[in-house]
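Chains as they are written, first to last, in my numbering: chain X, 48 to 272; chain Z, 48 to 272; chain Y, 48 to 272.
Hints listed in this document are in silico derivations from the structure and should not be mistaken for laboratory results.
Honestly, I wouldn't trust all of these hints.
Copies of the same chain are indistinguishable here, so a pair counts whether it falls within one copy or spans any two.
As the list claims (entries may be wrong) - The list that follows gives simulated cross-link-like pairs (lysine to any residue, SDA-like), each with its CA atoms no further than 20 Å apart:
#	residue 1	residue 2
1	Lys98	Val229
2	Lys261	Thr122
3	Lys98	Gln114
4	Lys230	Leu272
5	Lys51	Thr128
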Amino acid sequence: MTDKAIRDVVLISTGMASEVIAAYLDRFSDLNVVGFTVDRAYMPEGEYLGKPVAPWDEVRTAFPPDQVRLMGPPTFARLNTFRRDRYREGKAMGYGFASFIHHAANVMTDDIGDHVIVLDGSVILPRTRIGNNVIIWCDTHVGHHCTIGDHTFMSSQVGIAGGSTVGEECFLGGQAGVTHGVKIGDRCAILNGANVVGDLGDDAVLVGPPATLKPYSSARVKRLL
Amino acid sequence: MTDKAIRDVVLISTGMASEVIAAYLDRFSDLNVVGFTVDRAYMPEGEYLGKPVAPWDEVRTAFPPDQVRLMGPPTFARLNTFRRDRYREGKAMGYGFASFIHHAANVMTDDIGDHVIVLDGSVILPRTRIGNNVIIWCDTHVGHHCTIGDHTFMSSQVGIAGGSTVGEECFLGGQAGVTHGVKIGDRCAILNGANVVGDLGDDAVLVGPPATLKPYSSARVKRLL
Amino acid sequence: MTDKAIRDVVLISTGMASEVIAAYLDRFSDLNVVGFTVDRAYMPEGEYLGKPVAPWDEVRTAFPPDQVRLMGPPTFARLNTFRRDRYREGKAMGYGFASFIHHAANVMTDDIGDHVIVLDGSVILPRTRIGNNVIIWCDTHVGHHCTIGDHTFMSSQVGIAGGSTVGEECFLGGQAGVTHGVKIGDRCAILNGANVVGDLGDDAVLVGPPATLKPYSSARVKRLL
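Just chain X, with the same shape it has in the complex:
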């Protein structure tokens, strides 16, 4: 049995985002979520979403690597290092990882790594390289001739213009933007709405422009809207 023939999947983590991915897989893929795995400290009482949960240190016994593939955790927790480590540990235990590209995403490159999730509405243009263990949430745009490094997480409505490079283990928050031809280092945290207009070194934190809270009630703008 080849790896890709394994349709049974165990999701790493029982957090809220795992529930989202479980719903996506159930509605939009031919993968079957057969269980979950979490750190022993976070084990729920009984099942999660009606499926068995195994502690990570016993996952091989509960869900052998020749019977299931892993996915997740679908989270940027600890700036993607948790996700990176689980991916490496899972591979070391002999697991394959499944990918999920939503049918309403438009992925125009074949240069896609292992264990990649792309949700609906996202577009990835030609000549772009997506690394391993990358998550791209909804309605995100990755332009042409870009490179997205391993373990990077892109939220919804992010826009990366053509010819740009994003390093490994980066987080891009919702509506973040990257102009064309820039280079972003590893482990950067580009928060919601931040617009990258020039190169960024490793470990940068970029915060979006603040909105202004007006010192009057919305009753005042009723007629202007």
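Start from chain X and add chains Z and Y according to the hints.
What follows is chains Z and Y alone, placed relative to chain X:
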């Protein structure tokens, strides 16, 4: 005849946005727009878009509640209070209200109120509650485990991250963003491009960050683009 | 043979964006890219993407106007003047220009000019006029009752609210926004993330709000994300 079996719809208002919704219903739904209704002061001469128009104070005579359902007005005028009042008045007159979820929207929750409009490209993730009389325009993202209050209007390309709450009668302008886990009160006006990064009380007005007009002609940037 | 029956297309320019459009046409249209044309100074050695390339000053010999239509260049280079000039020169040589509306764009107006490209996820609402030689990249929203002038280029995730006018030869960068009812002149450069909230005269340059680079490493935000 059950309420949901009524496919004939009367749109409230003859404004520009009503024309948009009429076009959506015509192309993408099995609802039939059979007429319009407006305040007597705004009655057009003759028909509107080739359909009869009744003044609101005579709508029951022209379009009896056992024959049609209402929709609209698809506008945030007067910070959604006009829309809220029409909804309540219509219900009091015995009308049902129709909903329209575009087939190219991805609504992954069943916890949706009465009279909800969601246009194409919008995504609503699991475990989210959408109230009554909510309008969500195009390409808007509502994350998981969110709550959107009654009578709220979300424009296009709005992004709400997971676990956030938006109150009742709020307006979110185009490209507005809300980070995860925040709570927004009632009647807030969050204008175009404003990014909400913390809790907001009732009646807040939040304005997006200003762009900068450069003191030179675009002829100067021709070579840089 | 009528103009629209010509399915063979020659793309102007051998730049990166031409490769993108060639890929779109190949996957999503019934047009056949049979070659490319560039200024003689930029002629490649041999073919481009496996297709012949003709210098622009000999394009009529290599690809006669009764056998092919032209498209492109799909670029805003020199603030769209290069594209505008090629379009005029091509028309003067007797060429027709092909349009491409992606099937996953939702164009709800018939008032569309000649040689228009609209990529996937973009929405154009009713009663809007799109001029000639306009390019609209992915996931861009053009509201109702708008006018978009000839030769204008809109990048991805741009949002134009209802009732607004954009002049000729404008460039709107990714995630740029235009509020409702404003008027933008000709040759404006509205860069990434800039939000237009009032009228703009001709030749304006508008720059989006800057993000803030924090003076600490992303290691510090690991626990906050």
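Run the structure past the numbered hints and jot down the numbers of the failing ones, going up. When the structure is compared with the hints, numbers 1, 2, 5 turn out to be violated.
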